[in-house]
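**Student:** Order-wise, the sequence lines are chains A and B.
The opening position of the first sequence corresponds to residue 1 in UniProt numbering, with each subsequent residue numbered one higher.
The opening position of the second sequence corresponds to residue 1 in UniProt numbering, with each subsequent residue numbered one higher.
Hints were generated in silico from the structure; no laboratory data involved.
One or more hints might be untrue.
As the list claims (entries may be wrong) - No more than 30 Å apart at the CA atoms, straight line, and that leaves these computed lysine-lysine pairs for DSBU-like: (1) Lys35(B) with Lys289(A); (2) Lys5(B) with Lys289(A); (3) Lys102(B) with Lys289(A); (4) Lys254(B) with Lys289(A); (5) Lys48(B) with Lys18(B).
Everything numeric in this text was worked out from a predicted model, so none of it was measured.
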Amino acid sequence: MTVESTAAARKPRRASKRASATKKPQSSEPQLVQLLTPEGERVQHPEYDIDLSADELRGLYRDMVLTRRFDSEATALQRQGELGLWASLLGQEAAQIGSGRALRDDDYVFPTYREHGVAWCRGVDPTNLLGMFRGVNHGGWDPTTNNFHLYTIVIGSQTLHATGYAMGVAKDGADSAVIAYFGDGASSQGDVAESFTFSAVYNAPVVFFCQNNQWAISEPTERQTRVPLYQRAQGFGFPGVRVDGNDVLACLAVTRSALERARRGEGPTLVEAFTYRMGAHTTSDDPTKYRHDDERAAWEAKDPILRLRTYLEAEGHADEAFFTSLDEESDVLAKRVREAVRAMPDPEDMAMFDHVYADGHSLVDEERAQFAAYQASFAEEGN
Amino acid sequence: MAVQKLPLAKALNESLRKALETDPKVLIMGEDVGKLGGVFRITDGLQKDFGEDRVIDTPLAESGIVGTAIGLALRGYRPVVEIQFDGFVFPAYDQIVTQLAKMHARALGKIKLPVVIRIPYGGGIGAVEHHSESPEALFAHVAGLKVVSPSNSSDAYWMLQQAIQSDDPVIFFEPKRRYWDKSEVDTEAIPGPLHAARVAQPGSDVTLAAYGPMVKVCLEAAAAAAEEGKSVEVLDLRSMSPIDFDTIQTSVEKTGRLVVVHEAPVFYGSGAEIAARITERCFYHLEAPVLRVGGFHAPYPPARLEEEYLPGLDRVLDAVDRSLAY
Ligand SMILES: Cc1ncc(C[n+]2csc(CCOP(=O)(O)OP(=O)(O)O)c2C)c(N)n1
Chain A
1 MTVESTAAAR KPRRASKRAS ATKKPQSSEP QLVQLLTPEG ERVQHPEYDI DLSADELRGL
61 YRDMVLTRRF DSEATALQRQ GELGLWASLL GQEAAQIGSG RALRDDDYVF PTYREHGVAW
121 CRGVDPTNLL GMFRGVNHGG WDPTTNNFHL YTIVIGSQTL HATGYAMGVA KDGADSAVIA
181 YFGDGASSQG DVAESFTFSA VYNAPVVFFC QNNQWAISEP TERQTRVPLY QRAQGFGFPG
241 VRVDGNDVLA CLAVTRSALE RARRGEGPTL VEAFTYRMGA HTTSDDPTKY RHDDERAAWE
301 AKDPILRLRT YLEAEGHADE AFFTSLDEES DVLAKRVREA VRAMPDPEDM AMFDHVYADG
361 HSLVDEERAQ FAAYQASFAE EGN
Chain B
1 MAVQKLPLAK ALNESLRKAL ETDPKVLIMG EDVGKLGGVF RITDGLQKDF GEDRVIDTPL
61 AESGIVGTAI GLALRGYRPV VEIQFDGFVF PAYDQIVTQL AKMHARALGK IKLPVVIRIP
121 YGGGIGAVEH HSESPEALFA HVAGLKVVSP SNSSDAYWML QQAIQSDDPV IFFEPKRRYW
181 DKSEVDTEAI PGPLHAARVA QPGSDVTLAA YGPMVKVCLE AAAAAAEEGK SVEVLDLRSM
241 SPIDFDTIQT SVEKTGRLVV VHEAPVFYGS GAEIAARITE RCFYHLEAPV LRVGGFHAPY
301 PPARLEEEYL PGLDRVLDAV DRSLAY
């Protein structure tokens, strides 16, 4: 032992421990499942390979492009005062489209509030997603039509709902699977840990799809966990896998495999899609307060849409006409969304009292009547 | 300068700064309170000046935040916890209600739990679901907790420091739609007691009792009523647990009429408690039943309906008229 190291060892134990706790974890960077490199090169994976037709590849590309366009239109609508708030998915298209396209119609989805791409895959009309951000409703779609549950704002809650739903699926003897979306921040919530426990002990057919976009508002992933998130699963007794969240093919392959495992009765899987939130947390957030531009630049080079385009072009799977017509389709979608939002009516005053209870409630009836009379008194006065 | 005009949010920020400076045991904890300075910037600049050991960014886990704050308090610290929005306190509700509130009594008074839980609450900012609620009655109902809410910058500055100095757990509700309202703060004043109500506007015909975001609405209502020749007294209760019933009683003995105003649903709300107690105390002074104005027995509505849901000037004046009509 050298003199210096002895001196170093004599530093207060606690202080040195505390210092190390603020550094990044030392564990070697885990392997990502990847089928398409950031440069758009197709690579093989021993466990998760996938064989898609040119048509299917173009379909994934189209989904991502339209979703991104929808998202940017919504951001613009927020800036124009048409929406109160918007949570952008920019950068997370591959994670959402890849996992979303792995689902079967009878599977059930429990999203958070940013799963616009998954909603797209489920066939939810994108304009329906905007009602709650405009402030005209708290949901805006019937979850049972597309097996796509309402957006959940309280972080992590939906993972337990997904688990319970999956327990029900298993009880019914059905072979559907359930998928729960959540973020890296959500992984700190007790509800998420409890959903891992329940799904494991009841062997529930649920896939936990964590989009690790590196940030929970201003908190980096290191503020939530000291081990790579996918490794959490091991302690609960089910497999976890980290996938390149900007690689739509890998996201599709890994999610498909996890869903199949659930269908076979082998229980839950945790998929960690390693990705990046390119924009602000929401339109109310100011990321310049907590992160550097160069980080975004590094992730821009891994853009999920560009890399698939490079691949499609290199393989001759798509020609100029395809890209041009997709641009036109995007414009049409953007216009439709814009018009639909502007035309979205404010709810009737009395809508507050609707659906508070399924069986009704005398107090609600009384307050509704009182409020109606009160509102009517203004009309009588001719105000 | 001792007297400054500050937005309520800035007054809270200055108050936290003062508390951190004064007592090395004071800690700030919460989601995004560090670099970002909190989503409402109440903790802006504090981590930079006091370091990550005093202003602690936490994992995204409310039960964890409050539960560890309890442990830190047991160890002699004075944690000031930020819950990001009203609707997100419920993952921590178990820790607050079953642990924080009861430990002092269970330990026969041998331990103290000086934990402050700051919660931006109430509506009027056009937010999405779970960002506009007024759950104060749910906390005031629990013995062992104290519940307060300032309505202006001076109270924000002083009440927060008093809450931090209190050896009891205090739920500190911040009226978020008043964060940007400016009013005077005298940082060298001697503040009144934390749980005393204040006569915000003297009057003789009817008493309006409110707290937090509704005090401003009631003052506007009093001004409007004055134009019609009615003299309205406005009380800023400041504390929902305990409630300063003496000040309300004094006012009601003078005016004979009481209207309680809050954003929270009326059903089982703080207005119900005040109405019942004041009816008991002032039965022979009351000229009219105590009336309540507040939210409905319905989930807080989407933003485009909140104007209808929240008690505004008209609904308060309507109640004043109804009270005077008895
Ligand atoms: C229980 C709860 N606490 C706090 C919040 C406020 N909040 C909304 S989103 C968010 C960060 C979520 O981060 P993450 O889970 O990583 O998902 P991301 O938004 O990055 O996709 C926070 C703290 C909330 N919605 N719910």
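**Student:** All hints are to be evaluated individually against the structure, with a verdict given for each.
**Tutor:** Status of the hints after comparison with the structure:
For a cut-off of 30 Å, the pair hint linking Lys35(B) to Lys289(A) stands: about 6 Å separates their Cα positions. This hinted pair checks out: Lys5(B) and Lys289(A) have alpha carbons roughly 26 Å apart, not beyond 30 Å. Restraint check: the Cα-Cα separation between Lys102(B) and Lys289(A) comes to about 39 Å, which exceeds 30 Å; the hinted pair is violated. Of the pairs offered as hints, the one joining Lys254(B) and Lys289(A) is violated, with about 53 Å between alpha carbons and a cut-off of 30 Å exceeded.
Proposed proximity of Lys48(B) and Lys18(B) is supported: the alpha carbons are some 15 Å apart, at most 30 Å.
Checked against the numbered hints given earlier, the structure breaks hints 3 and 4 and satisfies all the rest.
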